[in-house]
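A.B. asks: As you go down the protein sequences, you meet chains A, B and C in turn.
Numbering-wise (UniProt numbering), the first sequence opens with residue 1 and increments by one.
Numbering-wise (UniProt numbering), the second sequence opens with residue 1 and increments by one.
Numbering-wise (UniProt numbering), the third sequence opens with residue 1 and increments by one.
These aren't lab readings, by the way, just hints derived from the structure by calculation.
Given the structure is predicted, the values throughout are model-derived calculations rather than measurements.
No residue lacks a Cβ here, since even glycine has one placed at the ideal position from N, Cα and C.
Accuracy of the hints is not assured; some may be wrong.
[Claimed, not checked] Calculated pairs, DSBU-like style, for lysine-lysine (alpha carbon to alpha carbon, straight line, at most 30 Å):
1. Lys-121(A) to Lys-51(B)
2. Lys-51(B) to Lys-2(B)
3. Lys-121(A) to Lys-2(B)
[Said to hold, decoys possible] Covered stretches of chain A, going by a simulated chain B footprint (3 or more residues, C-beta under 8 Å):
4. 62–70
5. 99–110
6. 113–125
7. 176–186
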Amino acid sequence: MLALYVPRASLLHRTPAGVKLLVLVVLGAVVFTVPTLPVAAGALAGVVLLGLLAGRLPAAVLVRQARAVAVWVVAIVAFHAVATDVLTGVTTGVRLLALVLAAAVVTATTRVTALVAVVEKVCAPLRLVGVRPARIGLAVAMALRFIPLVAERADRIREAQAARGGRVRGPRALVLLVVPLLVSVLQLAHTVGEALDARGADTA
Amino acid sequence: MKTRDLAYVALFAALTAVLGLLPAIPVSALPVPITAQTLGVMLAGAVLGAKRGFLALLLFLVLVAVGLPVLAGGRGGLSVFVGPSAGFLYSWPLGALVTGLLVELLWRRLNLVTALVATVVGGIGVVYAVGIPFISLYSDAPLSAAATGSLVFVPGDLVKAVIAAVLAVAVRRAYPVIERPRQEATRP
Amino acid sequence: MRRRRASAPAPEPDPTQGIELRGVGHVYGERTVLRDVDLQLTEHRVGVVGANGSGKSTFARLLNGLVVPTSGRVLVDGLDTATHAREVRRRVGFVFQDPDAQIVHPTVAEDVGYGLENQGVPADERAERVAEVLARYGLAEHADHPAHLLSGGQKQLLAVAGVLVMRPARIVLDEPTTLLDLVNTRRIAELVAGLDQSVVVVTHHLDLLAGFDRVLVVDGGRVVADDRPAPAVAAYRALMADR
Chain A
1 MLALYVPRAS LLHRTPAGVK LLVLVVLGAV VFTVPTLPVA AGALAGVVLL GLLAGRLPAA
61 VLVRQARAVA VWVVAIVAFH AVATDVLTGV TTGVRLLALV LAAAVVTATT RVTALVAVVE
121 KVCAPLRLVG VRPARIGLAV AMALRFIPLV AERADRIREA QAARGGRVRG PRALVLLVVP
181 LLVSVLQLAH TVGEALDARG ADTA
Chain B
1 MKTRDLAYVA LFAALTAVLG LLPAIPVSAL PVPITAQTLG VMLAGAVLGA KRGFLALLLF
61 LVLVAVGLPV LAGGRGGLSV FVGPSAGFLY SWPLGALVTG LLVELLWRRL NLVTALVATV
121 VGGIGVVYAV GIPFISLYSD APLSAAATGS LVFVPGDLVK AVIAAVLAVA VRRAYPVIER
181 PRQEATRP
Chain C
1 MRRRRASAPA PEPDPTQGIE LRGVGHVYGE RTVLRDVDLQ LTEHRVGVVG ANGSGKSTFA
61 RLLNGLVVPT SGRVLVDGLD TATHAREVRR RVGFVFQDPD AQIVHPTVAE DVGYGLENQG
121 VPADERAERV AEVLARYGLA EHADHPAHLL SGGQKQLLAV AGVLVMRPAR IVLDEPTTLL
181 DLVNTRRIAE LVAGLDQSVV VVTHHLDLLA GFDRVLVVDG GRVVADDRPA PAVAAYRALM
241 ADR
């Protein structure tokens, strides 16, 4: 399925996923512990430059992410302009943008598989409480495999209902879709469970 | 955890993703269209129970975090975890957990009303209880302001809670996935 | 359904014993799906036919321990499926009707390698065996493709490849061609005919059974005919004509 990864040959793309995630965490900690405009604005400028130059990302990627949170930025600035002062509003808004864009840059420059590997590594200590890390990888792989399948089944159900003149508006449309979809998913889960056992999942 | 539980967890994570891909459904009486994604939170808890429901939504968040556009509106990636509405995301596994716990506790007396209690408390109560304070902390705004903005979503969430409750009761009768409700937990 | 835990160490499997069902019955809740089945299957190719709901799917699942009978015993090469489910499942590969439920990894090669991972086969040997099987079934060029984008026929080939790569001693196929078109049905039929392993095929496609050694007709949870393919299929047709 389509990921939010943007394939490019760049320094940021080559940087290990773990390093990028660590930088993201540090950045988050800094902008929240030092809530001043220069820090927030500096972070935002740094993130944008890093994404465009070191990551060779198209500006559109960053613009799209900025637009997704634009409503929040406007609401926060407006709220503080009325309730506290404009400076606090702008600082909070810029801080938000910096963080969201930094996270977007990491996502756009890191392959899904690399991030899944980090998840597995981070979860490795869970072995101590009886969680098998390989199972986490399998669960992610299975979810990736079944999203398009479940989506296809949802489409078929909608088609079948449209062919019989089904409604497309209102809560009833949602019920008519979700009921057969849930049945389909439950049956699928049952057989998938059997199939996993048949291929030795419980002997691993 | 048995292999079959793994299949349930993976498939309900996938189901939650697909519910988010569905176009939002406009309802004439409501101010904002209904997106079906949080229905996945309630269904995972109500159908799979607390543990598997929690894990299904946790897995779903992993899918979001590794960069799949599986949130309603095709959003995803790490940026949604650092935005002001991230609290709602973080609340989802908890919401499924609480919904599942209540359904397991009420298992013997599960009907439309008790199931609705579970989906409303877990799927709406918990989600708002985490999501709204998060907005408030994040944007240095008081709770009341953050809560007011979230009110428009309540009617849609109530519709979903009713749907999830109806389905939870139907699944319990026809295809019970929760094998060992809380009262019987002592059985070997 | 709760599996009984293995207690005794696994005895050495004896392939000459084949699959043996002794007084086997199976009940789901109130519904009896199989009763009084006594059989010994030692033939290379065994077919199973029966109407929808006749109990043949449960029959197939009994043969590799996916379902443990509620009464009687199933022995595979001398191993009891109730006490040695894991060993039995290692010996008996299972192909499901719907390949979509059987494919659990996003890409073709990853999925074929899944069973080998469970067997603890080292990565380099795994890659080798996966490549070999993919080449044999014409899937090599799709190795890194999303499994979701394969055609129905290719998906079933992938499902079969995912089982064969584990080198089971026996293979059970549960309606492997029900969802396929004529061309792909023929491909699967040819593939089954070419297998060295002994196979049990549950099917509605009576043509598939032509070269088989033995065909069972299941009806109402019982084996009502057990013969060479031609007479067994004739008995099945006569049975269905009376409905």
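A.B. asks: Confirm or reject each hint.
C.D. replies: Consistency of the hints with the structure:
1. Lys-121(A) to Lys-51(B): At roughly 22 Å apart (the allowed maximum being 30 Å), Lys-51(B) and Lys-121(A) satisfy the hint.
2. Lys-51(B) to Lys-2(B): Given pair Lys-51(B), Lys-2(B) holds - Cα atoms ~12 Å apart, limit 30 Å.
3. Lys-121(A) to Lys-2(B): Status holds; Cα separation ~23 Å.
4. 62–70: Holds, because 3 residues of the region 62–70 of chain A bring their Cβ atoms closer than 8 Å to Cβ atoms of chain B.
5. 99–110: Holds, because 10 residues of the region 99–110 of chain A bring their Cβ atoms closer than 8 Å to Cβ atoms of chain B.
6. 113–125: Contact hint for the region 113–125 of chain A vs chain B: holds, 3 residues under 8 Å.
7. 176–186: Three-residue rule met by the region 176–186 of chain A, so holds; n is 8.
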